[in-house]
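Asks: Top line first, the protein sequences correspond to chains U and G. 1 is the number of the first residue of the first sequence in my numbering; add one for each residue after it. 1 is the number of the first residue of the second sequence in my numbering; add one for each residue after it.
Rather than coming from a laboratory, the hints here were simulated on the basis of the structure. Every residue, glycine too, gets a C-beta built ideally from N, C-alpha and C. Check each hint, because a few of them may be wrong.
[To be verified] To be clear about the criterion: a stretch of chain G counts as covered by chain U if any three or more of its residues have a C-beta under 8 Å from a C-beta of chain U, and this derived list gives those stretches: (1) 62-69; (2) 125-134; (3) 346-355; (4) 379-392.
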Amino acid sequence: MAEDELKTVRYKMTGPSVTQRLFTGAALLGLSTFIVALIAVSVGPFNVPFSNTASIMLDLVGLGDSTADPTERAIIQSIRLPRILLAFMVGAGLGISGGVMQALFRNSMADPGIIGVSSGGAAGAVVVIALGLNTVSGFFLPLGAFIGSMIAMTVVFVIANVGGRFSMATLLLGGIAVSSFLSAITTAIIILTDDLTVQRQIIFWIAGGVDMARWESVQIVSPIILVGVVITVFAARDLNLLLVSEDEARSLGVRLGLIRSVLMILASLITGAAVAFSGIIAFVGLVVPHVMRLIVGADHRVLLPLSALAGGLFLLVADTAARIILSPAELRVGIVTAMFGAPFFVYLLVKNRSRVSML
Amino acid sequence: MKSITLESPSSPQVGSNNFELLRVKDLTVSITGTKIIDSISFSLTRGETLGVVGANGSGKTTLIRSIAGLLKPDVGTIRVQGVDGSDLGHRDRARIISYMPQQVQSHPFTAFEAVLMGRYPHLGRLQLEGVEDREIAFSAMRRTGTESFADRRLDTLSGGERQRVVMARVLAQQPQILLMDEPTASLDLEFQILAMDLINDEVAKRNSGAIVILHDLSLAARFCDRILLMQNGELTAKGTPWEVLTPENLRAAFNIEGLVEPDPVTGMPHVLVLGSEKSGSKKSVGFGRTVHMVCGAGSGRQLMHQLKVAGYAVTAGVLGTGDSDREAAERLGVKYVSAPSFSPISESQHSEHIELINRADHVVLCPMAVGMNNLLNIHAAAEGSSLFVIESPDGKVSDYTGGKALELRRSMVERAGSISEASLLFELARHALE
């Protein structure tokens, strides 16, 4: 009796376990995503009634009776579903890599593109568009963006390792320098291009969006992001220790150099893949881990998986909003995330002032 | 922590034949090319708390960071429970050795989460903490008095509270070797004592060992079985607190003058820091007062240092060439009457001596050996108006004058009483305050 009471007191003081927090959060976010996805499949310039959506969805997983309208079915199958999946995957990737970067840099100002990956992707994409290669094949654009991301990341890593001694400070500052340099190149190309259509395409791409989604994009992005999420979850405990202090992490058995390089490269790969197919979508990678930290705490074993789910949900909501706000015209999702995300973020910061810290 | 609970879920490894937990041999470590510690050797046995003291930059932190595996030694070996430290895997090491850094950084985890991290090395990569781990962490928090803020984020806690949380994490790690870098630095007076009690208690209960860096020498003396004294990267003294914490060692290692007396509670050395040669100020009680010392053969050397630091102007009686008190007087700039060695004090030297004594506010007679050559010094001392006779530490004063010197000394003790060397400064201060 007394022992039970003591346990209750301890539980109250120490809170629910990792598993409890993780499962509760995942269940809530998963359910919300499912509901939003159903809405997203149905709404748009061409509205599909919910009942038809349901039967088409059942059809697609092989349980339906194929009485659905073929146009509705085609729109859902080849346009809306890949777009929804891509939005979710890109959001998840940005959410988790933002969380990883914030832990690695021990700073909640860090975002997934902190070491130059986003600007590298932008520069790569802009080069492809300026050369007109994107009209040759639809996959030259993501390919160029991804190559740009990887080149930027490699250069920043080389800078940080100069003299054989790796330095996080140099990595951060190198990332800022490389980003500025690449942004300058991007801007120069935009200005020097006479063709207004090309200029428009570039600005359109940079603003970020998932409207070009095809099943092939989903097939390419998903494995990268899923593998990234799994490996990151394996290293989540090490990230906890890293956030406490480097010395304590190492004295508690973390192989600091190895973990840091693997995670940094992984987060950059995920971001590079996301940027390649969706352009630069601001704010998701910065805000989502931050907000989740306020809600579920700093334990990365809970924080990172839930940041992935919440990032996916956030981008899905934003993309759906982008499609319907000015319907039949479309807003770019990158604009929606920043325009609606930023005020919401400020609201959270002000409301939770006492709990907001640099980490 | 006020009521230290002795329950611990895991059993101590009693009965192990291996008494030696750690052996450090010829350890030399450089940081970015600069040699920080130089061929240090010592060992740590089970049940022992080892204190490390030394001035800033003497290499204390580098020493324990090397043992924690955070720095690679240039030369030398660190054997942990008989195994070469470089053969230990990261996680194996973390199960044996825990490290508490000097700086406790702020982070967004709750205190309980931070303590629970001490269990990580005991878990598989994807294994989550079980009920037992949570119990261990919670019991560690109770022992450090941190359970009342278990669910608060570390960045909302004070420096001392954070330090206790890290201490709880170290306990939850259940290590064989506890390395702690100034664990009491941010703690209030009560928690300093309780924290050190806790370390001693943990070491005794689990038959483990602790290496603790401390700046408070009295705290080190009270709670450590042995003390290592470091100076410029070298180990200049090791042994029991009484062996290591001598005024000479304090002067060499810290550049301070200290009184070392038995602590009235523990009987261990208690160090009262008087000051350093550079610290004299007009606020010291000795400022503007002159103390004349009648000494010789090293009997007044310690007092000369202490009086200078306390701000007194010091003069000294007739000192022969080659006398160790004379060397001290030279080094400290003490004015003294000089005489050639092995020859009797001349009349002019004697009158010069009397003159110094008349000018002094106080005269101190040290328990030096007296022969026919320096008998006049005792006579001169008797002229002093405010006289202090210092007791000999072993109660004996060598007399080679056939009893004359002892007779004189006795009459002076009758007149003025006698005091121990350590209480002279207190007596002088009392005089100054009256």
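Asks: Run every hint past the structure and note whether it holds.
Replies: We went through each hint and held it up to the structure:
1. Here the stretch 62-69 of chain G counts 3 residues with a CB under 8 Å from a CB of chain U, which clears the bar of 3, and the coverage holds.
2. Restraint check on the stretch 125-134 of chain G versus chain U: 5 residues with Cβ-Cβ distances below 8 Å, three needed, restraint holds.
3. Look at the stretch 346-355 of chain G against chain U: 0 of its residues bring a Cβ nearer than 8 Å to a Cβ of that chain, fewer than three, so the hint is violated.
4. Coverage of a stretch by a chain is defined here by at least three residues with a beta carbon nearer than 8 Å to that chain's beta carbons; for the stretch 379-392 of chain G and chain U the count is 0, and the condition is violated.
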